[in-house]
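Here the protein sequences line up with chains A and B, keeping their order.
Just so we're aligned, residue 22 is where the first sequence starts under the working numbering, counting upward by one.
Just so we're aligned, residue 23 is where the second sequence starts under the working numbering, counting upward by one.
Please keep in mind that the hints were generated in silico from the structure rather than gathered at the bench.
No residue lacks a Cβ here, since even glycine has one placed at the ideal position from N, Cα and C.
Don't take every hint at face value.
Simulated restraints on C-beta separations [stated by the list, open to error]:
no., chain 1, residue 1, chain 2, residue 2, range
1, A, Ala64, B, Pro257, 28 to 36 Å
2, B, Ile56, A, Leu126, 12 to 20 Å
3, A, Arg148, B, Thr130, 28 to 36 Å
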Amino acid sequence: METNHADAGYLAAQARIRTIPVGLTVQKVRERFIEFLMFLCAASSIAITGGIVWVLLAESWHFFRNISLVDFLTDTQWTVLFENPRYGIMPLVTGTLVTSCIALLVALPLGTTIAIYLSEYANVRVREILKPVLELLSAVPTVVFGYFALLFITPLLQQILPDLPGFNMLSAGIVIGIMIIPYVSSLSEDAMKAVPIHIREGSYAMGATRFQTAIRVLIPSAFSGIASAYVLGFSRAVGETMVVAVAAGTQPNLTLNPMEGAATITAYIVQVSLGDLPHGSVAYQSIFAAGLTLMCMTLVFNIAGYLLRKRYREIY
Amino acid sequence: MVEPANIEKRLSDNRRFDTIFAVIGLISTFVGMITLAALLFDLSTDGLGRISFQFFTSFPSRFASQAGILSAWVGTTLVMIVTALTAIPMGVGAGVYLEEYAPKNWFTGLIEINIANLAGVPSIVYGLMALGLFVYQFRFGQSILSAGLTLALLILPIVIVATRESIRAVPSSMREAAYALGATQWQTTRDHVLPYSMGGILTGVIISLSRAIGETAPLITIGALTFIAFLPDPPIKGEFPFVSFDWLWSPFSVMPIQMFNWVSRPQQEFHLNAAATGLVLMVMTLLMNGIAIYFRYRFRKRIKW
Numbered sequence: 022m023e024t025n026h027a028d029a030g031y032l033a034a035q036a037r038i039r040t041i042p043v044g045l046t047v048q049k050v051r052e053r054f055i056e057f058l059m060f061l062c063a064a065s066s067i068a069i070t071g072g073i074v075w076v077l078l079a080e081s082w083h084f085f086r087n088i089s090l091v092d093f094l095t096d097t098q099w100t101v102l103f104e105n106p107r108y109g110i111m112p113l114v115t116g117t118l119v120t121s122c123i124a125l126l127v128a129l130p131l132g133t134t135i136a137i138y139l140s141e142y143a144n145v146r147v148r149e150i151l152k153p154v155l156e157l158l159s160a161v162p163t164v165v166f167g168y169f170a171l172l173f174i175t176p177l178l179q180q181i182l183p184d185l186p187g188f189n190m191l192s193a194g195i196v197i198g199i200m201i202i203p204y205v206s207s208l209s210e211d212a213m214k215a216v217p218i219h220i221r222e223g224s225y226a227m228g229a230t231r232f233q234t235a236i237r238v239l240i241p242s243a244f245s246g247i248a249s250a251y252v253l254g255f256s257r258a259v260g261e262t263m264v265v266a267v268a269a270g271t272q273p274n275l276t277l278n279p280m281e282g283a284a285t286i287t288a289y290i291v292q293v294s295l296g297d298l299p300h301g302s303v304a305y306q307s308i309f310a311a312g313l314t315l316m317c318m319t320l321v322f323n324i325a326g327y328l329l330r331k332r333y334r335e336i337y
Numbered sequence: 023m024v025e026p027a028n029i030e031k032r033l034s035d036n037r038r039f040d041t042i043f044a045v046i047g048l049i050s051t052f053v054g055m056i057t058l059a060a061l062l063f064d065l066s067t068d069g070l071g072r073i074s075f076q077f078f079t080s081f082p083s084r085f086a087s088q089a090g091i092l093s094a095w096v097g098t099t100l101v102m103i104v105t106a107l108t109a110i111p112m113g114v115g116a117g118v119y120l121e122e123y124a125p126k127n128w129f130t131g132l133i134e135i136n137i138a139n140l141a142g143v144p145s146i147v148y149g150l151m152a153l154g155l156f157v158y159q160f161r162f163g164q165s166i167l168s169a170g171l172t173l174a175l176l177i178l179p180i181v182i183v184a185t186r187e188s189i190r191a192v193p194s195s196m197r198e199a200a201y202a203l204g205a206t207q208w209q210t211t212r213d214h215v216l217p218y219s220m221g222g223i224l225t226g227v228i229i230s231l232s233r234a235i236g237e238t239a240p241l242i243t244i245g246a247l248t249f250i251a252f253l254p255d256p257p258i259k260g261e262f263p264f265v266s267f268d269w270l271w272s273p274f275s276v277m278p279i280q281m282f283n284w285v286s287r288p289q290q291e292f293h294l295n296a297a298a299t300g301l302v303l304m305v306m307t308l309l310m311n312g313i314a315i316y317f318r319y320r321f322r323k324r325i326k327w
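Let the hints inform the model, and build the full structure from the sequences given.
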């Protein structure tokens with residue numbers, strides 16, 4: 022059959038074929054453009070970090086031009102909002118450390134035990150039910166936990182310790198501890214699960230029980246993962262705000278006694294932000310200096326955790 | 023030399039301790055659940071009596087019995103809209119880029135380390151950053167826009183990690199099949215990889231939004247109001263052009279801040295209001311998490327490569 026070159030359909034098809042290279046170029050440009058957009062999304066995470074560091078450093082820089090770093094680190098009073106303000110960060114740091122340490126005293130033993138139980142003892146069905154329920158703990162809004170600490174745990178503790186004041190670091194610390202259990206337990210469990218089965222079997226073959234295997238074999242082998250779980254738990258405890266702002270009071274207090282109330286770094290930032298501070302005042306800048314201190318504390322612990330992990334890393 | 027009788031005793035002791043530890047483990051797991059139950063019980067006994075139609079349709083008030091959470095839940099809804107519209111495209115875009123496109127170089131490595139670190143930054147520090155940057159540098163003011171963007175940045179790492187994990191679960195044979203038919207990289211991603219990983223991404227998005235609903239500290243830091251007796255400009259208008267974006271610049275309050283305000287007052291009656299607000303918050307977050315868990319369960323069951 023002879024092709025009719027004057028056929029309209031044929032001409033149209035030919036015209037379309039001729040545009041294919043143009044279409045491909047357009048497509049290529051579109052592909053590049055979309056890739057670039059998505060690259061921007063990914064790179065924005067670096068901009069966020071940059072923004073955090075820049076804001077904290079810039080505002081703290083203004084703060085430390087007015088207040089000497091030595092006073093900031095050695096003075097024992099933090100009375101920024103008073104008539105004769107004094108700027109010693111120590112009371113806020115002790116408040117933060119006391120509540121965090123109580124939280125860790127609750128969360129580390131419980132979290133580790135739960136991790137061992139879920140990874141070594143519980144069967145699949147029990148784990149499938151228990152794990153999501155446990156993780157709901159970290160989904161509860163923190164201000165609700167604050168309410169719980171102030172109006173449920175504190176009255177409960179006052180039954181045992183009649184002298185306990187209404188605002189105290191003990192109940193705030195306990196509640197934060199329960200709150201961070203899922204962070205500690207699920208990361209530790211992942212780490213223990215990652216230990217190869219033959220290492221467990223070696224231990225069982227020697228006649229060890231599951232408990233002995235967990236304590237003497239699994240925890241040392243999974244130590245680097247468990248250490249990161251602990252460091253994450255600590256970062257959460259240090260940065261926790263609403264529980265301490267509600268239940269531990271807003272009075273800076275240089276004490277290591279958990280039975281007293283004391284403001285933490287985060288509670289101070291909340292307290293100042295609730296008031297209407299003029300932009301650029303020293304009190305305004307002080308919350309950035311406090312935030313910088315908070316970041317430095319978590320940074321120190323993260324680096325410590327990193328070194329620990331590197332020291333005890335096991336490679337299979 | 024250990025006597026055989028002693029060995030027997032040691033072994034049975036060990037076995038007994040093993041059983042005891044199993045019980046201890048189960049009890050430890052229940053500590054969390056008992057807390058959760060006590061929390062819900064406590065909130066219900068205090069707050070359930072305050073929950074009524076009037077509670078959702080009234081502004082906060084000096085009189086505890088007349089106060090409600092109208093401005094708070096409207097604020098939460100509007101802030102969540104901004105957060106979702108910012109965090110979902112950015113997070114999914116970043117996740118897709120890192121899994122499907124990113125070359126293996128130092129910059130990609132830097133982005134990955136950076137996202138892991140961002141997940142560990144305390145939320146209040148995001149608030150400080152937003153106060154310095156959004157509120158004063160960019161002059162967004164203490165507005166719904168600033169609040170929504172702050173929470174979007176806060177949950178971005180969660181969305182990115184969830185997106186990456188579910189994209190990674192798509193076998194490369196799927197991509198190769200699409201390429202073999204002449205699809206471009208973006209067509210493959212859009213028509214195959216993303217639809218297959220939608221379940222996991224959706225789970226991550228719901229969980230991250232439930233986290234954002236409960237966040238309080240960063241919003242207090244950027245200057246959310248604790249007492250607000252008016253609503254933002256409505257986004258939908260009766261006359262042309264029917265939509266308005268003035269609400270973005272409006273001052274706001276959200277439910278957790280309303281609760282915080284009530285719980286910090288000394289009067290008992292306001293504590294009841296706080297409990298009722300807490301109950302509403304708990305129901306919302308638990309519901310969202312329940313949906314997410316269901317999604318995860320369903321998608322895992324259905325997809326078998």
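Against the structure, the hints come out as follows:
One distance hint, 28 to 36 Å for the beta-carbon pair A:Ala64 and B:Pro257, holds here, with the actual separation near 31 Å. The beta-carbon spacing between B:Ile56 and A:Leu126, approximately 19 Å, falls within the hinted interval of 12 to 20 Å. Checked against the hint of 28 to 36 Å, the pair A:Arg148 and B:Thr130 passes, with Cβ atoms roughly 35 Å apart.
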